[in-house]
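As given, the protein sequences belong to chains A and B, one line each in that order.
Quick note on the UniProt record's numbering: the first sequence kicks off at 1 and runs consecutively.
Quick note on the UniProt record's numbering: the second sequence kicks off at 1 and runs consecutively.
Keep in mind the hints are simulated off the structure, nothing from the lab.
Take the hints with a grain of salt, since some may be wrong.
Pairs count within a copy or across copies, as identical chains cannot be separated in the list.
Below, a list of computed lysine to aspartate or glutamate pairs in the EDC-like style, where the Cα atoms sit at most 16 Å apart [unchecked claim]:
| no. | residue 1 | residue 2 |
| --- | --- | --- |
| 1 | LYS469 | ASP534 |
| 2 | LYS436 | GLU164 |
| 3 | LYS436 | ASP298 |
| 4 | LYS35 | ASP529 |
| 5 | LYS64 | GLU50 |
| 6 | LYS107 | ASP173 |
| 7 | LYS40 | GLU55 |
| 8 | LYS49 | GLU77 |
| 9 | LYS49 | GLU74 |
| 10 | LYS10 | GLU199 |
| 11 | LYS107 | GLU74 |
| 12 | LYS469 | ASP529 |
Number of protein chains: 2
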Amino acid sequence: MDWKAYAAQKRNSILQLIPPAWKLSVAVPSPSEQKDVTGKYIQQFLTTKEITITETDAVGIVQKTTLGQWSAQEVTEAFCHRAALAHQLVNCLHEIFFAAAIADAKKLDQYFASHGKPKGPLHGLPVSLKDQFHVKDVETTMGYVGWIGTFEGKKGTGKEKVFESEMVTELRDLGAVLFCKTSVPHTLMAGETMNNIIEYTWNPKNRFLACGGSSGGEGALLGLKGSPIGMGTDIGGSIRIPAAFNGLYGIRPSHGRLPYEGVANSMDGQNSILSVVGPLATSAGALRLLIRGILSRDPWLHDPLVAEIPWRHEHEQFILDIARAGSKKQMCFAVMKDDGIIHPHPPIRRAIEMVISVIEKLGHRTITWAPPSHQEGIDIAGKTFMFDGGTDVRAAFALSGEPMAPAIAQNYAKQSPEYTASQIAATNVQKRQFQKKYMEYWNSTSTITGTGRPVDAVISPLAPFAAAKRDTYDYYGMYGGAWYTTWVNLLDYTAAVLPVTTVDKEVDVVDEGYEPKSEQDEMIHKTYDPELFDGAHVGVQIVGRRFQEEKILTITEILGHALGRLVV
Amino acid sequence: MDWKAYAAQKRNSILQLIPPAWKLSVAVPSPSEQKDVTGKYIQQFLTTKEITITETDAVGIVQKTTLGQWSAQEVTEAFCHRAALAHQLVNCLHEIFFAAAIADAKKLDQYFASHGKPKGPLHGLPVSLKDQFHVKDVETTMGYVGWIGTFEGKKGTGKEKVFESEMVTELRDLGAVLFCKTSVPHTLMAGETMNNIIEYTWNPKNRFLACGGSSGGEGALLGLKGSPIGMGTDIGGSIRIPAAFNGLYGIRPSHGRLPYEGVANSMDGQNSILSVVGPLATSAGALRLLIRGILSRDPWLHDPLVAEIPWRHEHEQFILDIARAGSKKQMCFAVMKDDGIIHPHPPIRRAIEMVISVIEKLGHRTITWAPPSHQEGIDIAGKTFMFDGGTDVRAAFALSGEPMAPAIAQNYAKQSPEYTASQIAATNVQKRQFQKKYMEYWNSTSTITGTGRPVDAVISPLAPFAAAKRDTYDYYGMYGGAWYTTWVNLLDYTAAVLPVTTVDKEVDVVDEGYEPKSEQDEMIHKTYDPELFDGAHVGVQIVGRRFQEEKILTITEILGHALGRLVV
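Build out the structure end to end from the sequences listed, making use of the hints.
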């Protein structure tokens, strides 16, 4: 059997796990006929109760489930149904295990009935997972045809469909219900989501555009409200890009805050810029709920790379005290409108201005962010991502003989020389020196913020466009477009996505007079087309220092509230 | 000028910085004539007041200096005098800057006089530094002849004698007085201290034996009470070995607890097992004083690799509450008497038994530590330390053409092939899997401790001998003897040294019937000679989980107190 047959078999097996009652009875319209399949479009296939449940954020859901007002079963069934629809609309799932989820939900309901209390703070909350997390009885392909029927590409390990990632165990113990795994670009090293199994995952809000990547299936699924919260990973923007492209909240925590233990990955063991796990959700409160839950489990006792930093309520309170009406205290934000390399499209610039207005309206301050050369950072990150010259991902493709998607082939079609230990060490030193320089720049802002502190956060685009057109997202920092996310990974900062607005073709007109700074800049400038992008989501990122998850989530929630987007 | 002339010039320049009044008027006796130059021997050259000051631990010193009872100047002068004597006895200094120290102390006294309060919690406390720390107006050679007149081997950087390490800045801001830098083995990768500049640093308690390494000059200096506290570094035992060999307390914190920023190093950028900074001192309380001080400065704002974990008083209190008389609560310690690879010498085994007795006398429990294979860990650590095949250290020797000491030549005389990115990544994965396995073993002990918790700490030898004979300490894990320290580095655990006893030739007799487990084991078994080792210090290590510095220091202090060794 060739790779195409394996891929087709797997693709069909996913579709076959959708119960007949949840199969779409109508053909999916073309993007020209129906650009946006969120909202009213998908609602037509759901009951009123299903709509009510699935359009409630995770915080609202657990308020009901932990009091027994909604059963775990009805919540789970509603999300399974909506997720099934979402997959048929935009190809966002890799694994479906609705039956197991509903069985788990029933057990939770029994637990509630017999104990008179919820199992944990996430009792009955459906959580979707990017297809890197291992779940018992479920396969993990990570988009590789060659991983079908294996454990991370290896056969006969005894771990196939048995082993579970640490995060999965913790989520179950907190009472969450796991029900599906979502699509990823093969290799994970892309800002779009495509592979030879499920093919391409489209953006449900604007089906001419990408859903983002690499946690793209999560973005698309949550964008359709087929899940209230999902777990992604981010090594160069992979949580933030799909969060923003789908109008969601999301957070890239610093490395070592949440457990990555036992999660499949590309280039595992590359130790310089590490991938992190983090949630995407329809509210900032949902992100806090999940992170607090996980930290309450002392994950540092089960993942050797997690630092012992429990949830710090006082860090939230510090911001809440400033923000409280009548406090007479201020925050100060730095704003980076343009990184000097790629000029963001008009809707992104408008979103940044909207956030500045909101900050000022709330009585806080802004300054301009003028950091050390981001070009230097791009060079370091670019080297790091190419340490093995493609060895790891090429071996995964070789398992089946399947071809690489164009965005992947551009980096990995040919094997590059592997870096030596000395070259890696030199890059690590260069990275640390860049981090130090950047850190001291951040410290230096205390003289101009007017608050007596350095800036509380940096507001920045996370991509130069609202969403990418197919095959235009250059993920790696070295190509410029992705550097709006990757600088955060290089510096190991905390960054949350704040959904701000949508593209408005009447307002966000083309910059006719813009003179590009480079060929790359020109290329990205030219991809903007108001008619095509109209309606697409626009988000920005709120960046904090290392391990500032509590502070950044609180700020993000405050700004989201002020923008009228407490729950999206 | 050849390397010998440069080395001699540097060696003489150090000696010339000792004021004539502090030069020894008598020839240093041979080790056969005077094995032990600590205590009464060195006291003969000091005034009563100098003895009182220098035999007070850091906690006692700052109690006096921060109340103005002792001036910073008199304290500094006393330690400078004693350090000058120490160097003449055992070759423990690389850099002397007594004049600058006394000038700094005078400024502190002026500060106290004009402000009526100390500058900080370390006001007037002399702190010695391993010769990896950069101090303004002072050179850093790290024992390399080729680094003389350079900044880390490079000329014309503009940083020479100007740049300061982050830790140095923090110590000054806390009120500490820096006065000398101490000897290291060239490369730092040795458990003994020798280089072509100062030659060999001997153990002051038993001058037939090594002072340990790589923070060996610190160990010897503090062993002679020429400093109350000093900063070392530890990648495979380099704080713990000299602490134990010189009867001191010392701590190897987890990586990311204290700032390493701007400190010179070997193989900088090797990112798998990272060197850490930590103090050695004459009391556990002194270690706490210094670490609390550094953490009060928010070092995570100045070192990108430091995690935001402030000093956690509640972690100390947790142990103090258990230990309080009448609490009826217990701790449980795991004891590893033998790692199954190298059998410790009789005095080490006796020290372990002494600690067990003390634990039982205090009403706590012990179990046997039966962890995952330490041989597997040795293999991983051995690979990590050879990633660059010698490229970095060989380049440093090549600068001057100087020869390697035998312990160094054994690993680096020939260039080995460099590891590739893929090989490094595979080693990193193997390391993480070993850490996870070890962590789950630790967790599993909760079923047998009787306390409801996993073991609170592990008691283990940190070397199979009380101190090494010259040229017998195989530092690297792959040779077995050093694995008693290196497993802690591989696992990134917190480990403190508890000074327990001294070798007693009458009690610690040779194991006549012992059957060695291997050639290595036999070799180490044969190095034991009660007559030669008689009087040498014996310490053990108290090992805690990652980032458990507060807990481990508290336990170490309690056990030291019970052993009658609150201040050594």
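The hints, checked one at a time:
Only within a single protomer do LYS469 and ASP534 lie at most 16 Å apart by alpha-carbon distance; the minimum there is 13 Å, versus 77 Å between protomers. Taking the shortest alpha-carbon separations for LYS436 and GLU164, only the inter-copy value of 14 Å comes in at or below 16 Å, while the best intra-copy value is 37 Å. In the homo-oligomer, the alpha carbons of LYS436 and ASP298 lie at most 16 Å apart only across protomers (15 Å), although the nearest pairing inside one protomer, at 30 Å, exceeds that limit. Proximity of LYS35 to ASP529 under the C-alpha cut-off of 16 Å is restricted to the intra-copy arrangement: shortest distance 15 Å within a copy versus 85 Å between copies.
Taking CA atoms no more than 16 Å apart as the test, LYS64 paired with GLU50 passes inside one copy only; the shortest distance there is 14 Å, against 72 Å between copies. For the homomeric pair LYS107 and ASP173, the shortest alpha-carbon distance inside one copy (13 Å) is at most 16 Å, but the shortest distance between copies (59 Å) is not. Taking the closest pair of Cα atoms, LYS40 and GLU55 come within 16 Å of each other only inside a single copy of the chain (12 Å); across copies the shortest separation is 80 Å, beyond that limit. For the homomeric pair LYS49 and GLU77, the shortest alpha-carbon distance inside one copy (11 Å) is at most 16 Å, but the shortest distance between copies (81 Å) is not.
Taking the shortest Cα distances, LYS49 and GLU74 sit within 16 Å of each other inside one copy (9 Å), while across copies they are farther apart (81 Å). Taking the closest pair of Cα atoms, LYS10 and GLU199 come within 16 Å of each other only inside a single copy of the chain (12 Å); across copies the shortest separation is 68 Å, beyond that limit. Only within a single protomer do LYS107 and GLU74 lie at most 16 Å apart by alpha-carbon distance; the minimum there is 13 Å, versus 73 Å between protomers. When the C-alpha separation of LYS469 and ASP529 is checked against a cutoff of 16 Å, the pair qualifies only within one copy, where the shortest distance is 10 Å, while the shortest distance between copies is 76 Å.
Hint compliance for this structure: every hint is met.
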